[in-house]
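Going down the list, the protein sequences come from chains A and B.
According to our numbering, the stretch in the first sequence is residues 1201 to 1843, in order.
According to our numbering, the stretch in the second sequence is residues 1201 to 1843, in order.
Simulated from the structure, these hints should not be mistaken for laboratory data.
Don't take each hint at face value.
In this list, chains with the same sequence are indistinguishable; a pair is considered to hold if it fits within one copy or across any two.
Stated by the list, open to error - Restricting the straight-line Cα-Cα distance to at most 27 angstroms, the calculated cross-link-like pairs of lysine-lysine (DSS-like) are:
no., residue 1, residue 2
1, Lys1653, Lys1582
2, Lys1688, Lys1582
3, Lys1653, Lys1688
4, Lys1513, Lys1653
5, Lys1688, Lys1208
6, Lys1479, Lys1688
7, Lys1513, Lys1626
8, Lys1843, Lys1659
9, Lys1223, Lys1716
10, Lys1843, Lys1515
11, Lys1223, Lys1513
12, Lys1582, Lys1208
13, Lys1815, Lys1400
14, Lys1626, Lys1385
15, Lys1753, Lys1515
Number of protein chains: 2
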Amino acid sequence: MGYNITQKILASHLVSGSLEPGKEIAIRIDQTLTQDATGTMAYLQFEAMNVPRVKTELSVSYVDHNTLQTGFENADDHRFLQGMAAKYGVYFSRPGNGICHQVHLERFGVPGKTLLGSDSHTPTAGGLGMLAIGAGGLDVAVAMAGGPFYMAMPKVVNVRLHGRLAPWASAKDVVLEVLRRLTVKGGVGKVLEYGGEGVKSLTVPERATIANMGAETGATTSIFPSDEVTRAFLRAQGREEVWVELLADPDASYDEVLDIDLSSLEPLVACPHSPDNVKPVHEVGPVAVDQVVIGSCTNSSYLDLMRVAAILKGKVVHPRVSLVIAPGSRQVLTMLAQNGALADLVAAGARILECACGPCIGMGQAPPSGGVSVRTNNRNFKGRSGTADAQVYLVSPETAAATALTGYLTDPRELGDPLVVEMPEKFYIDDRMILPPAEDPTSVEVVRGPNIKPLPPAKPLPASIQGRVLIKVGDNITTDHIMPAGAKVLPLRSNIPAMAEYVFAGVDPSFARRAKEAGGGIIVGGENYGQGSSREHAALAPMYLGIKAVLAKSFARIHRDNLINFGILPLTFVEPADYERIEQDDVLEISNIPEALRGGLELEIKNISRNFTFKARAQMTPREVEILLVGGLLNYVSTQQRK
Amino acid sequence: MGYNITQKILASHLVSGSLEPGKEIAIRIDQTLTQDATGTMAYLQFEAMNVPRVKTELSVSYVDHNTLQTGFENADDHRFLQGMAAKYGVYFSRPGNGICHQVHLERFGVPGKTLLGSDSHTPTAGGLGMLAIGAGGLDVAVAMAGGPFYMAMPKVVNVRLHGRLAPWASAKDVVLEVLRRLTVKGGVGKVLEYGGEGVKSLTVPERATIANMGAETGATTSIFPSDEVTRAFLRAQGREEVWVELLADPDASYDEVLDIDLSSLEPLVACPHSPDNVKPVHEVGPVAVDQVVIGSCTNSSYLDLMRVAAILKGKVVHPRVSLVIAPGSRQVLTMLAQNGALADLVAAGARILECACGPCIGMGQAPPSGGVSVRTNNRNFKGRSGTADAQVYLVSPETAAATALTGYLTDPRELGDPLVVEMPEKFYIDDRMILPPAEDPTSVEVVRGPNIKPLPPAKPLPASIQGRVLIKVGDNITTDHIMPAGAKVLPLRSNIPAMAEYVFAGVDPSFARRAKEAGGGIIVGGENYGQGSSREHAALAPMYLGIKAVLAKSFARIHRDNLINFGILPLTFVEPADYERIEQDDVLEISNIPEALRGGLELEIKNISRNFTFKARAQMTPREVEILLVGGLLNYVSTQQRK
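With the rest of the complex left out, here is chain A (with noise of 0.2 angstroms):
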């Protein structure tokens, strides 16, 4: 029988395991990606392997994060990127150059390659046909060393798309499409892998968004066929040498199928607080908004940007309506610049950012007090965008630039008639903002800031463990929870120590205080634990303030490989009603840890408080038990090197 093409890509990176659902596999990583939230920890932990080069075919360093520069924090953080960069061998995407997926897509994606990346986001190469996957800095770091990637096999669900898109309908509409039927966890587990007619009347960006946001139903990445469409656009990209054939073959088989009808699809929202809550534009109303957000690496490509261009030319922003629009990458705006679109943009009122993440990550342009807030962005938890208080709504570029004009949420289709854009034959090329690494390596020196301080280690995990519930949360909890992001607390992503005083910040104040007093102890979480961007701070932070074990109902997959990568045992329950029987403070206690991990992978847990022992399950391969037990895959890695 034939392969799919996650199946083709996997069987062609293999390095150890089968491909059956579920079962764990290794795989060879060609090309990795970082970005300055997460890579100065990844470049850290790269640097602690003692590996004089990069191994992978290509590594890029991109800043695209923390460009605000409030305090001295971020240059540090991007000058100490650019000297590691230069000398272990990876590219440097410098600040200013764009958003770390719109230019891997533009200047690096290969099709049929694997690509990791330490940002949740990393699947958007897929709409090359890359199998291009999110995860934890450190798993990225490894991969840099040399190392495969570790995950189970997942299940390959095809995406089958009909027909093409109505006037006014966009690739955001049939992501939207996807969230509404699988919400923000019926993605775990699987790959989201596109096909059907109506695949070759999608740009690659339109692909390109589609396969970023599949992150949002906790995929574990989405992928496009490799065609004709993908072989203009690297032509366009000046890369046509790259482009290889990669489609399914026509007897492959999937676990799972999801027919999608472009053609009956219409403009789409995302209503507050989660990617998940789609309705019909038309059906949520004319709502009142005070802020317009066109931008991050879903929805900032040239194609969005000049359909926005298109639609705003010669009119101007509503009074209440401050409308800013981040540009993905300097290639870009540079075009933008150089048509005339950029002079349009400007003159219809908006407010012209960096090339960068921005406000999609809440670094600036943060609402007012109580403000609706629509966005092309991927995320709309409560209280990412800055303004604990503000409703954020997910759409289109089209839909954005409509509701710019009108001021309420607004169907774009109401603009008439159809917008008229075309790729472009040839994209402006110019790496120039992209360093190569340095020839000599030790002529390179780098420079670490104040605020860089070296990685906490990881002990082993004790056999038994007792310890207070410091905190117990419902369903759906994101990394955005517990390790917050945003303008104060993204400049601290290197300094650990100081990082951990944030923890659950914007759930329960006390909680890193109340876990340094009592030396550690367990969270206790609802149902997909840790959903969200792949920051391994969220594992990290907590691991400083001694957590040792997360209890879930159920858990979103880069969280619980960070867990597992920082030695902090992620457990669900048996029986979920187990959940409802502990309260915070409840003291609990788990024995005999390394048996239960090395056999059946139940473990007892005795809640002392109430005195009742419940039973939980530990999901993880042989492999998996070793990183734990030795206190993570440092130690781990650390470990297998002296043998």
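Based on the hints, put chain B in the right spot on chain A.
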């Protein structure tokens, strides 16, 4: 005998007093401007005066300082300002429309008129032949309410320009030369009135650069003639009808004369950490540079950025240098986007920031630790960049651009052939981002966010003060020292209790706590205390902390006025040597204050801790004495209104 330009404008606006240097005069104010960092407080003060509509010819409210929006506070302020403007008859320049001084020059400035602005760089409009003065927000509020502006009649210095600038020397170098000669306190109590045949070789934006940074000498303002060059500028802005000729009479007299030979000026640089630490660029030598910032109200005009674009075109920034460019206005940015210059800047690796003050006021782009930043800004006070140990150099746009390319502080004459950049015949004119006031004020709802706190009330000055010296500081203490700005503190501008926690934070972080514990006290300063920014928060927040008097060797004008406006007694040592005899924590007693102030203005102060007495002087007009005694200008205005 004939009048100079300053005298002509003052005479035509005189409400009381006579034009004798040092004597108090009151003048009618035609126009006012505010920006968002000082504006929220100014409009709260205006509101407290119960005047239904501003009484000026024109008042404009700009948003240019707090545009990063790292929390809800900024957007709340913007919304409040927009509402207040609509309600009270003020034009509102929306966020993204540009820096107040640049936009005012382009769209509103009128030769021969008076302008009072709650920003110390208000003199920029002197480039157009306006008498434009920076003041505290409360003074501006009084002017909006129709009150005159009081000041001591300044001396008028005739700055005579001879010859014309050599290639690669620029307007910035002219004002750096003025600073080199006058120092940061040499302009106190003076107006710098430019004349001489060299004036006609300078465009209005160049004159504006010179007038702008005259603020750094401590001058009341700087002013240029209104001539055919002015007329051409206004014509290009579509406003020729407001032009009037305004020249000094041939037989005008001046209090002082300063001659500058333009043709002998070479590229200059103000070295860390003062704008008057000026040397020729080539003498300072090739300092390695980490960052270049081009922008600020001093150097972000169309002409400035076209020159930068011409220098950078086809080249790329040095790998060590982060180059950021913040265009001065939406007019400038649109024109650069229309004519391709912006594409050249982006292609060369420039990071384009929003049209706003940005890095100049420490709102983002803080350099790395110990980093060297070369900027076209007007101030390089230690720490103002956001990085305490950064070294900031102030230069012309040409020097900045040359430096960005080489990575070392570079004399632009090394670039070779001179630039030819012409003033446009016609600027891009589009005022759609400037909202006129509402026709029906009752229709306007003013929304106040939770960070917008009522103004703290000021108490009448007691008859005697006994207080501890809470801090003793040296010469040239800036309002940045007293009340820091930057990304952390600026958003608190409308919340005095929160802001007061940061008074002297960079000098002595315990100050606010100690002041509160002691229930207030006294500050001792050296020469030129309170130079720099006009921020009245440097008086308002100390007032909130209970500061009753500041005893210094001398004061900067705006800060002294602000102290009086908020009921804090500004005293100078009769014998400067007495400064040495006082230490922090000494307890001082000042008795019979009303009698002394209404009498000879000399006060006896007892140092109780060291048991000696000394004399201090209160240089105040009778009106200022009354303002002080009732607890500040707002109380005084209420008293007057009740009469």
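| Among the hints numbered above, which are violated by the structure, and what are their numbers in rising order? | 4, 5, 6, 9, 10, 11, 12, 13, 14 and 15
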